[in-house]
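J.: One-letter residues, chain by chain:
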Amino acid sequence: MTGVGTPSQLSPKSPHNPPVKPDARYAALEAMYNQAIAEIADMRSRDALKTQFLANISHDLRTPLTAVITHAEILRDGMLGPLTDRQLESVRGIIAGGRQLLDQVGEILTYARGAADQLTLAPSTFKFAEVVHQVVSLNESLLGKKNLKLTVDVPEQLPPLFADREKVAHVLGNLVGNAIDFTPAGGRVWVKAAVRESELLAEVGDTGIGIAMEHHEFIFEEFAQVDASASRQHHGTGLGLTIAQKLVELHRGRIWVESELGGGSRFYFTIPYSKDAG
Amino acid sequence: MTAALRILFETTGRRVTVAHTVAEAVEKGCSDPPDLVLLDLTLPDGDGLEVPASLKRRGVAPKAMVALTGRDDPESLARCSAAGITAVMVKPVPTKELLRRAKEWLA
Chain L
2 MTGVGTPSQL SPKSPHNPPV KPDARYAALE AMYNQAIAEI ADMRSRDALK TQFLANISHD
62 LRTPLTAVIT HAEILRDGML GPLTDRQLES VRGIIAGGRQ LLDQVGEILT YARGAADQLT
122 LAPSTFKFAE VVHQVVSLNE SLLGKKNLKL TVDVPEQLPP LFADREKVAH VLGNLVGNAI
182 DFTPAGGRVW VKAAVRESEL LAEVGDTGIG IAMEHHEFIF EEFAQVDASA SRQHHGTGLG
242 LTIAQKLVEL HRGRIWVESE LGGGSRFYFT IPYSKDAG
Chain R
76 MTAALRILFE TTGRRVTVAH TVAEAVEKGC SDPPDLVLLD LTLPDGDGLE VPASLKRRGV
136 APKAMVALTG RDDPESLARC SAAGITAVMV KPVPTKELLR RAKEWLA
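Protein chains in written order, with my numbering: chain L, 2 to 279; chain R, 76 to 182.
These are calculated hints, taken from the structure and not from any lab test. Where hints are given, some of them may not hold.
Stated by the list, open to error - Only pairs whose alpha carbons sit at most 30 Å apart, straight line, appear in this in silico DSS-like list of lysine-lysine: (1) L:Lys-128 with R:Lys-166; (2) R:Lys-131 with R:Lys-178; (3) R:Lys-166 with L:Lys-146.
Said to hold, decoys possible - Footprint (simulated), chain R over chain L, 3 or more residues, beta carbon under 8 Å: (4) 53 to 64; (5) 77 to 88.
Glycine included, C-beta positions come from ideal geometry on N, C-alpha and C.
Taking the hints into account, I'd like the entire structure generated from these sequences.
T.: This is the structure in structure tokens:
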């Protein structure tokens, strides 16, 4: 063994071998450093490829899924002949399942586009209160099913936002969806908003199971679910908060949580009132 | 998706021609001019929005050309409107609404 880097050569105390000159050690370190840089670059490019794959595959999955839903709707609407009540119930199940799957595929697509920095803002001027009403009405049947009470405290006279309406609705939808999902029957969910300094500050709170302090940062990480076991009660892609964070940060806003286990959760996010969002 | 839409319109007594590429849509659109065109924007050989301009150049003028798309962000809407699209509907298109609006377009 005479190669550079063998223990005997690198040891300056060896009586038989003269110590390696600092220049040679620097060269060896530099080589290792360069190799690490190359490996990181390689991993990044593989990661980018995977993200692109995820974006492509989720886009391609939408096409057959929309076809399934449309075929089922044609049957549901009796266009190919009347259905019995049980057939109708079954077809409605196909539509509901298909739409749920389509939503989840949509979440993965948004996540992949966000991770690949392919999300852009299409800002317009709108009232936050309108977005709140839209999200609340989309969730009304779910709230009824779980016997949850939702209260809204969003003044109509708040100054209008100049932001990407669809993305703000997406953030609010994900937070309200989580609040409903993680709050046991009979609980309460609320949405509040106010102007603080030059930002809109929105709050989505619930009286649900809450989140332990040590998980407050973790829950915003991709695919993170505090209970990741197969028997977990709460399903989903695990991307809802990651996407919410991405979309808020795209607007140069902030998102955070205040919660403790058993004490409900309050998620906050801000959207700046500046014209140069994004 | 084309099969579902074909069934949908055939049940209302319409004659339906299906094309899977921009080239096929232009060719079939010219040989048998349609009253209504339903367009997917992502086609194997190009952008679905090339179809309206190509048909127009060949003197084919359907009563309505409707884009069926996955996104209705302002940018996509502007592109559709510039290409001469009558309306944009987000997939999965609600079948009842599509038929109701088709009646208006074809009136």
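J.: Now tell me, hint by hint, if it's right for this structure.
T.: Hints versus structure:
With a C-alpha separation of about 26 Å, the suggested pairing of L:Lys-128 with R:Lys-166 holds against the 30 Å cut-off. Taking the CA atoms of R:Lys-131 and R:Lys-178, the gap is near 23 Å; set against the 30 Å cutoff, the hint holds. Among the hinted pairs, R:Lys-166 with L:Lys-146 is consistent with the structure: their alpha-carbon atoms are about 27 Å apart, no more than 30 Å. Figure legend: the region 53 to 64 of chain L, annotated as covered by chain R; annotation consistent (3 residues with Cβ-Cβ distances under 8 Å, at least 3 required).
Residue count for the region 77 to 88 of chain L with a Cβ under 8 Å from a Cβ of chain R: 3. That meets the three needed, and the coverage hint holds.
Hint check: no violations occur; every hint is consistent with the structure.
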